[in-house]
Amino acid sequence: MALTLLVTNLLHGVVGLAWLAGLRRALAPMPAGLWARMLTLALILPVAVVALHLAGVLPGSDASVLRVDLWAAHILANHVVLGFGAVLLGGTAVAFVLQELWPVLSQQRVLHHAPRLQDAALEGALAAVLAKYEAHGVRLPGRRRLYVRLLDTPAPTAALEGFVEPVLLVSRGLRDHLDSFELEAVLAHELAHLVQGGNRRFLWVWVIRALQAPNPLALIIFRLLVEAREAAADALAAEVTRKPAVLAAALLKLRSSAAAEADLSVLARARASVLRQAELAATRLRVRTLLDGPGRAQASPLATITAGALLGALLWSVA
Amino acid sequence: MSSPAPRRLALALIWTAALGAGLYAADRFLLGTRQTGWQLAAAIEDIPADAGLVPTPRFVPEHLGWPPRVILYRSGPVSGCWLGLAGPGDTEPQVWIGRGDDPLPDPVIPFAGCMASPRRDCPAGWRTLSVAAGDRPTFLLGTAPPGEMRRIMKGLEDHKKRVKSVK
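Which chain is which? The protein sequence lines are A and B, in order. Residue 283 in our numbering sits at position 283 of the first sequence, with consecutive numbering throughout. In short: position in the second sequence from 1, add 1000, done, that's our numbering.
Keep in mind that the hints were calculated from the coordinates and are not lab data. Owing to the predicted nature of the structure, the values given are computational and were not obtained by experimental measurement. Treat the hints with caution; some may be incorrect.
To be verified - Partner residues are not named here, just some residues of chain A that face chain B (Cβ under 8 Å, in silico):
{"#": "1", "residue": "ARG67"}
{"#": "2", "residue": "LEU70"}
{"#": "3", "residue": "ALA73"}
{"#": "4", "residue": "SER265"}
{"#": "5", "residue": "VAL266"}
We put the CB at the ideal spot given by N, CA and C, even for glycine.
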């Protein structure tokens, strides 16, 4: 039973990813917000379908597009495939801990340890960005007042923090490198995350991802989702501020002002170097997208519902 | 799908249907068509993997002989397997070992009452033992003396351990 559910989850990951890849190609250019939502659906729906399996409300295996029990039986009968699968799933679970759990905890430690200060320049920039959002007709969720705080640390970082009462955080290391337009662009980007669901929605998505920790397809979809969320926030920020090049410049400054790691051990320096390379590649892509024209940021709710219905129906019929 | 344009919706529908059809074709091509219902196998090795674990005993009385005279299996989600053991002079199996949900295979139907709880309408002289192996019991039905039945059963308890290790 456990193996069948695992195989079901793997197959759903493969089908979801193939469906997304084909659809993105067929419907290009796709709004960044819709792509992020579709990736979210591809992560959530397989878990929902497995839950339906457990509740016994799915069609029998012979009526399915893919006969999961048959695939599971073949995997069990083939020791090479079984061994390879065990290594792959175990490795993916380790990758989940190292790439997705540990960095989140580390970042939280940095954010919580640095003192938070009120800063007139940041508050002025936030007021200007909020006015632009209002003028653009984009409604911020919730009616609570938004706070922005200066994080007293030389590390260049900006983040949206909090699940109930969101706070925008900008580090001194970042603020000192940016001019007022770039600061607005950074705040517009963080506000865009709030418009697109904020930390509360992403926490749920992360929990669903954690439930599929050994699934390599869920790992790929989640990595794509992290990039898509940033791209969607970039697109909305560029749309609202009408200055995509300024956001691109801020992104480049954020990366180029990263602190040196001279006092780290060899292993930690190597790890930091690998992470920096990955971040540079992601930044390069984001900058190129912003300079080429990020396109429409948000999708209509109807498009999201249609995408969800199609993917849900496909996964339901698959297994 | 950024706008409710019918062309985009049509493209999405076509792609979804094409992917589903492609996966269906790949599944049936690679794994073949599954025969439903109970099937007769010539040898234990011929039982497909999706019929579940074969309840192979470690001990079989000499007068019965091995391999089984009758080997029945059912593939798919309602999988199962029944082995009928008979001696050289027997016309019908004298011992049945098997597992699988209803409906039972035709030769085992007369013994359905032996496996019911409470036991009812069991043919005279037939004894029943069972062991919980995995998500369902493995039954041993036979006319062999109680001591032999217990020894066969003991061999099947090892099967229970194998089921646990597979689970």
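Hints, verified against the model:
With its C-beta approaching chain B no nearer than about 6 Å, ARG67(A) sits inside the 8 Å limit, and its interface hint holds. Using the Cβ-Cβ criterion of 8 Å, the hint placing LEU70(A) at the interface with chain B is satisfied: the shortest such distance is roughly 5 Å. The beta carbon of ALA73(A) is positioned within 8 Å of a beta carbon in chain B (closest approach about 4 Å), and the interface hint is therefore held. A hinted interface residue such as SER265(A) counts as satisfied when its beta carbon comes closer than 8 Å to some beta carbon of chain B; here the least separation is about 42 Å, so the hint is violated.
Against a cut-off of 8 Å between C-beta atoms, the interface hint on VAL266(A) is violated, since the closest Cβ of chain B lies about 43 Å away.
Checked against the numbered hints above, the structure violates hints 4, 5; every other hint is satisfied.
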